[in-house]
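A.B. asks: Each protein sequence line maps, in turn, to chains H and L. Numbering follows our numbering, in which position 167 of the first sequence is assigned residue number 214; successive positions increment by one, without gaps. Numbering follows our numbering, in which position 92 of the second sequence is assigned residue number 139; successive positions increment by one, without gaps.
Accuracy of the hints is not assured; some may be wrong.
Each pair may be met inside one copy or between any two copies, as identical chains are not told apart.
Said to hold, decoys possible - Okay, derived cross-link-like pairs now, SDA-like style, lysine to any residue, Cα gap no bigger than 25 Å in a straight line:
(1) K59 <-> S138
(2) K113 <-> G127
(3) K59 <-> S158
(4) K113 <-> P211
(5) K210 <-> V162
(6) K113 <-> A169
(7) K59 <-> A169
Note that these hints are calculated values from the structure, not bench results.
Protein chains: 2
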Amino acid sequence: LYEFDADTAVEKIADGRYRAEITDRWNTFAGPNGGYILAIAARALSDALPMPHPLTITGHFLRPPKPGPAEVRTELIKAGRRHATGAATLSSEGTDILTAVATYADLTTASGRTVLFNEPPALPDADSLPDPLGAIPPGIELPSIAKRIEVRVPELPGFLKGKPSGDPSAEMWVRFADGRPQDPLSLVFFVDGAAFPAVVEIGEFVSSTVELTVHVRALPAEGWLACRIRTRHVESGYAEEDFEIWDARGSLAAQSRQLILIQS
Amino acid sequence: LYEFDADTAVEKIADGRYRAEITDRWNTFAGPNGGYILAIAARALSDALPMPHPLTITGHFLRPPKPGPAEVRTELIKAGRRHATGAATLSSEGTDILTAVATYADLTTASGRTVLFNEPPALPDADSLPDPLGAIPPGIELPSIAKRIEVRVPELPGFLKGKPSGDPSAEMWVRFADGRPQDPLSLVFFVDGAAFPAVVEIGEFVSSTVELTVHVRALPAEGWLACRIRTRHVESGYAEEDFEIWDARGSLAAQSRQLILIQS
């Protein structure tokens with residue numbers, strides 16, 4: 048069993064109720080990663096809804112998650128021929144942590160026109176590039192998520208060298224450290240878990256996600272995922288962060304936007 | 048009473064239950080506009096939640112709305128010091144049409160850093176520009192929404208001249224025809240109601256919204272709103288549509304993304 052599957056596993060205990068465990072293995076410096084938490088809710092929904100893949104899922108983060116036992120309550124809102132819509136709320140110690148609404152589909156049957164007005168990141172081969180976590184000073188203990196994923200960047204981010212670049216955008220490769228294949232569920236995690244928030248490059252190191260919406264746009268091909276992160280508008284302490292994940296075939300596999308609150 | 052306020056009015060009939068009316072005055076060629084329907088749900092949430100403004104709201108469109116009596120069921124999920132989160136479902140004739148989840152805030156108190164890495168649309172004065180609806184051939188009856196809003200464009204869209212430009216993006220001015228001032232609620236409508244879908248410029252005239260997320264980023268100033276619409280990825284029959292609304296002071300007032308299904 049791959050790490051991501053073990054740590055997002057849900058056990059059905061009644062109709063619309065699932066037992067889960069928020070592990071401490073996907074921690075950032077601020078605790079369990081939000082994409083990881085959303086993926087637990089998404090896994091419960093993939094059981095509760097009659098469609099297999101998250102097409103669009105939105106999570107609102109109510110409280111910072113902590114490792115420990117959790118429960119997901121799900122509700123089927125509508126099951127149609129093409130789409131199924133439902134809601135999920137993840138709670139821990141009796142307190143709601145995350146509420147989500149999602150529409151699922153069967154992406155193996157998606158057909159129709161394809162036209163792209165954008166390009167995947169033009170990244171050199173992943174094997175020729177550095178691991179940005181290698182630049183974290185030796186005195187700082189890496190959070191556990193650093194052991195779960197592998198990241199490669201074309202150049203070390205400015206903020207890790209103590210000089211934020213002033214440009215809140217970046218491109219990188221990412222994959223699971225244990226070789227787990229990509230699927231729609233892993234994309235729900237990677238849009239949040241693959242990178243530091245873009246605003247670290249403007250010197251904002253403490254931020255929290257208010258809301259995260261992920262669109263899974265294609266079944267991802269095998270191999271490294273090419274990612275692009277960007278913030279374009281910081282206003283009155285809020286910012287959006289856009290994330291794209293492209294697969295090895297040059298398909299846009301997922302696209303996300305989150306609204307973050309900067310806590311400076 | 049302005050048209051938008053009359054037509055999004057909700058009447059509380061019990062805790063978490065509101066009576067509403069989907070009017071036929073905000074119809075596109077395909078029926079009541081989705082942004083209008085979402086604004087009805089948002090209005091119910093602004094009563095049900097202890098915060099006044101939609102900061103981020105996501106609607107999943109379950110069935111095509113029809114004019115007629117409607118009901119909104121709301122649920123308060125969490126009320127915090129800074130944010131309040133809730134859910135709303137709009138039904139009509141006993142059938143769910145829209146389900147939404149939202150986090151509300153008081154935008155009059157939003158403070159914190161502002162840095163923009165984007166520019167508002169560089170549009171000539173609205174008064175010097177044409178109304179694109181003037182280009183609709185005389186034989187075609189305009190849908191009712193055309194009487195509720197005023198739109199000005201720098202040049203007539205290609206698709207209205209029978210020649211889609213091939214570029215699914217556009218910029219335009221918009222405001223209410225009856226002079227209603229802008230507020231966060233009107234932005235929830237305008238991100239969907241102000242423009243034809245961007246994909247009309249690649250010849251796709253029939254599409255439906257699966258999901259729409261709106262971030263209200265600032266209290267909008269008086270006057271015309273400058274809008275930018277863009278689709279960058281059409282894949283297997285799905286596309287995202289991004290929308291920005293900038294106010295007269297040059298603030299990003301709202302940003303949205305919707306996932307649409309192209310039905311060609």
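A.B. asks: Evaluate K113 and G127 at a C-alpha cut-off of 25 Å and name the case that applies: within, between, both or neither.
C.D. replies: between (36 Å within a copy, 18 Å between copies)
A.B. asks: Treating 25 Å as the Cα threshold, decide for K113 and P211: within, between, both or neither.
C.D. replies: Neither, since 29 Å and 52 Å both go past 25 Å.
A.B. asks: How do K59 and A169 come out at 25 Å by Cα distance, when the copy is not named: within, between, both, or neither?
C.D. replies: neither (43 Å within a copy, 54 Å between copies)
A.B. asks: Checking an output row: K59 and S138, CA cutoff 25 Å. Within, between, both or neither?
C.D. replies: within (15 Å within a copy, 30 Å between copies)
A.B. asks: Using 25 Å as the alpha carbon limit, work out where K59 and S158 are close: within a copy, between copies, both or neither.
C.D. replies: Cα proximity of K59 and S158: none, with 32 Å in one copy and 43 Å across.
A.B. asks: How would you classify K210 and V162 at a CA-CA limit of 25 Å: within, between, both, or neither?
C.D. replies: between (39 Å within a copy, 18 Å between copies)
A.B. asks: Regarding K113 and A169, is the shortest C-alpha distance of 25 Å or less found within a copy, between copies, in both, or in neither?
C.D. replies: Cα proximity of K113 and A169: none, with 37 Å in one copy and 46 Å across.
Hint compliance for this structure: hints 3, 4, 6, 7 are not met, and every other hint is.
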